[in-house]
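There are 2 protein chains.
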Amino acid sequence: MAFTIKEASERLGCPAHTIRFYEKEGLLPYIKRDKNGNRLFEQDHLDWLRVMTCFRATGMKLSLLKEMVALALDGDSTIPQRKAILNQYKEDLFRRQNELTAALDAVNNKLSIYEDIVKGKNPSESQLLVKMEESERQQTRNEGLTNEAKDFRQ
Amino acid sequence: MAFTIKEASERLGCPAHTIRFYEKEGLLPYIKRDKNGNRLFEQDHLDWLRVMTCFRATGMKLSLLKEMVALALDGDSTIPQRKAILNQYKEDLFRRQNELTAALDAVNNKLSIYEDIVKGKNPSESQLLVKMEESERQQTRNEGLTNEAKDFRQ
DNA sequence: TTAAACCTTAAAGTACACTTTAAGGCAAGC
DNA sequence: GCTTGCCTTAAAGTGTACTTTAAGGTTTAA
Numbered sequence: 001m002a003f004t005i006k007e008a009s010e011r012l013g014c015p016a017h018t019i020r021f022y023e024k025e026g027l028l029p030y031i032k033r034d035k036n037g038n039r040l041f042e043q044d045h046l047d048w049l050r051v052m053t054c055f056r057a058t059g060m061k062l063s064l065l066k067e068m069v070a071l072a073l074d075g076d077s078t079i080p081q082r083k084a085i086l087n088q089y090k091e092d093l094f095r096r097q098n099e100l101t102a103a104l105d106a107v108n109n110k111l112s113i114y115e116d117i118v119k120g121k122n123p124s125e126s127q128l129l130v131k132m133e134e135s136e137r138q139q140t141r142n143e144g145l146t147n148e149a150k151d152f153r154q
Numbered sequence: 001m002a003f004t005i006k007e008a009s010e011r012l013g014c015p016a017h018t019i020r021f022y023e024k025e026g027l028l029p030y031i032k033r034d035k036n037g038n039r040l041f042e043q044d045h046l047d048w049l050r051v052m053t054c055f056r057a058t059g060m061k062l063s064l065l066k067e068m069v070a071l072a073l074d075g076d077s078t079i080p081q082r083k084a085i086l087n088q089y090k091e092d093l094f095r096r097q098n099e100l101t102a103a104l105d106a107v108n109n110k111l112s113i114y115e116d117i118v119k120g121k122n123p124s125e126s127q128l129l130v131k132m133e134e135s136e137r138q139q140t141r142n143e144g145l146t147n148e149a150k151d152f153r154q
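Residue numbers (this note's numbering), protein chains in the order written: chain A, 1 to 154; chain B, 1 to 154.
Don't read these hints as lab results, they were simulated from the structure. Don't take each hint at face value.
One copy or any two copies: either way a pair holds, since identical chains are not told apart in the list.
DSSO-like, lysine-lysine: derived pairs with alpha carbons at most 27 Å apart [as the list claims (entries may be wrong)]:
| no. | residue 1 | residue 2 |
| --- | --- | --- |
| 1 | Lys61 | Lys90 |
| 2 | Lys119 | Lys66 |
| 3 | Lys83 | Lys61 |
| 4 | Lys121 | Lys32 |
| 5 | Lys119 | Lys61 |
| 6 | Lys121 | Lys61 |
| 7 | Lys90 | Lys6 |
| 8 | Lys35 | Lys119 |
| 9 | Lys119 | Lys90 |
| 10 | Lys6 | Lys121 |
| 11 | Lys83 | Lys121 |
| 12 | Lys35 | Lys61 |
| 13 | Lys119 | Lys83 |
| 14 | Lys90 | Lys121 |
Predicted model only: the values in this text are computed from it and were never measured.
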């Protein structure tokens with residue numbers, strides 16, 4: 001059983017134009033056509049498209065996906081290279097996880113500073129961005145400016 | 001105490017050109033100059049640059065950072081808007097975490113398929129990409145082609 | 001039979017975030 | 001004095017991944 005590009009697009013939540021673009025780039029080999037030249041997608045193609053979408057969403061470049069397809073088309077002997085690519089990509093994913101954790105920490109910190117300001121508390125000197133936040137608040141006041149705040153005003 | 005752009009660049013691991021670009025875009029307000037027109041970065045600027053770098057690395061757009069700066073410059077009354085932006089960004093970060101987890105699953109699955117192939121095992125039908133992997137392997141053989149594999153060959 | 005709704009291709013356009021280039025000024029060391 | 005290495009600006013260029021446009025062919029329902 002085969003799917004039209006519209007069905008593939010709907011199943012994957014990916015624009016048909018993008019799927020055509022991927023095929024043109026060689027990322028989707030062995031796609032047959034019907035008598036009118038329309039693409040016929042097998043389940044295998046949908047599976048591979050889903051993997052590509054998943055990898056793309058997490059930062060894998062098209063050029064690397066191309067490399068993997070080219071290697072796969074070259075047969076089992078290229079499995080070591082493909083493993084190397086995936087293991088390096090895995091390192092990338094771990095790095096991204098750390099970046100996300102750091103960003104979440106920074107966001108939560110900033111949110112808690114906002115809470116403190118709203119509650120009228122004095123934010124701790126050691127917190128990231130506190131001075132800038134202070135400066136922001138001082139700008140709207142006409143008295144009680146610190147030197148640091150003045151630094152920011154000019 | 002103030003830093004030159006070179007010192008800021010070294011401390012942040014961020015090209016001086018990029019820092020200038022950020023300032024031009026209005027992301028770094030209140031930067032003073034020395035008598036020769038060279039930028040003088042305060043610790044506050046480095047802190048804010050570090051936060052921007054952290055947010056950028058996890059997908060926040062410059063336009064959103066610009067919006068946050070503009071709001072901050074407008075005083076405490078904009079804290080609700082800034083909180084809303086950060087809370088939405090937080091949702092974004094959670095979504096990205098899920099995407100990373102899914103990608104890691106897919107990578108590990110593919111790696112285990114490679115292991116199976118190398119060990120000569122038959123991969124399970126239900127695994128993602130198995131058919132494509134099978135097809136890849138079948139292509140290099142001259143006999144024992146399945147219909148599915150033939151589908152991929154033409 | 002004619003309009004709607006799909007499909008095709010190739011090529012140009014867009015968005016984003018830098019990155020590089022060009023042209024030149026200032027200051028310290030030889 | 002002159003080279004080296006930093007700094008400045010404005011503007012053009014780059015890379016990536018689509019996305020849109022233009023021009024047209026086919027099928028289906030009214």
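(Q) Cα distance capped at 27 Å. Does Lys119 pair with Lys90 within a copy, between copies, both, or neither? (A) between (43 Å within a copy, 22 Å between copies)
Q) Between Lys121 and Lys32, at a C-alpha cutoff of 27 Å, which is it: within one copy, between copies, both, or neither? A) neither (67 Å within a copy, 29 Å between copies)
Q. At most 27 Å between C-alpha atoms: does Lys119 with Lys61 qualify within a copy, between copies, both, or neither?
A. The answer is neither: 46 Å in one copy and 30 Å across copies each exceed 27 Å.
Q) What label fits Lys90 with Lys6 when the C-alpha limit is 27 Å: within, between, both, or neither? A) neither (32 Å within a copy, 33 Å between copies)
Q) Should Lys35 paired with Lys61 be assigned to within, between, both, or neither, using CA atoms and 27 Å as the limit? A) Classified as neither: same-chain Cα gap 34 Å, cross-chain 45 Å, threshold 27 Å.
**Q.** Up to 27 Å CA-CA - Lys90 versus Lys61, copy category
**A.** For Lys61 and Lys90, both the intra-copy (14 Å) and inter-copy (25 Å) Cα distances are at most 27 Å.
(Q) I want to check one pair: Lys121 and Lys61. Are their C-alpha atoms no more than 27 Å apart within a copy, between two copies, both, or neither? (A) Result: close neither inside a copy nor across copies, 46 Å intra and 31 Å inter.
Q: Up to 27 Å between alpha-carbons, please classify Lys35 paired with Lys119: within, between, both or neither.
A: Neither: 70 Å inside a chain and 41 Å across chains, both beyond 27 Å.
Q) From the Cα coordinates, with 27 Å as the cut-off, is the pair Lys83 and Lys121 best called within, between, both, or neither? A) So Lys83 and Lys121 pass the 27 Å test across copies only (17 Å; inside, 54 Å).
(Q) At most 27 Å between alpha carbons: which applies to Lys6 and Lys121, within, between, both or neither? (A) Result: close neither inside a copy nor across copies, 57 Å intra and 36 Å inter.
Q. How do Lys83 and Lys61 come out at 27 Å by Cα distance, when the copy is not named: within, between, both, or neither?
A. within (17 Å within a copy, 33 Å between copies)
Q: Pop the pair Lys119 and Lys83 into one bin, within, between, both or neither, using alpha-carbon distances up to 27 Å.
A: For Lys119 and Lys83, the Cα distance is within 27 Å only across copies (14 Å; inside one copy 54 Å).
The structure does not agree with the numbered hints 4, 5, 6, 7, 8, 10 and 12 stated previously, though it agrees with the rest.
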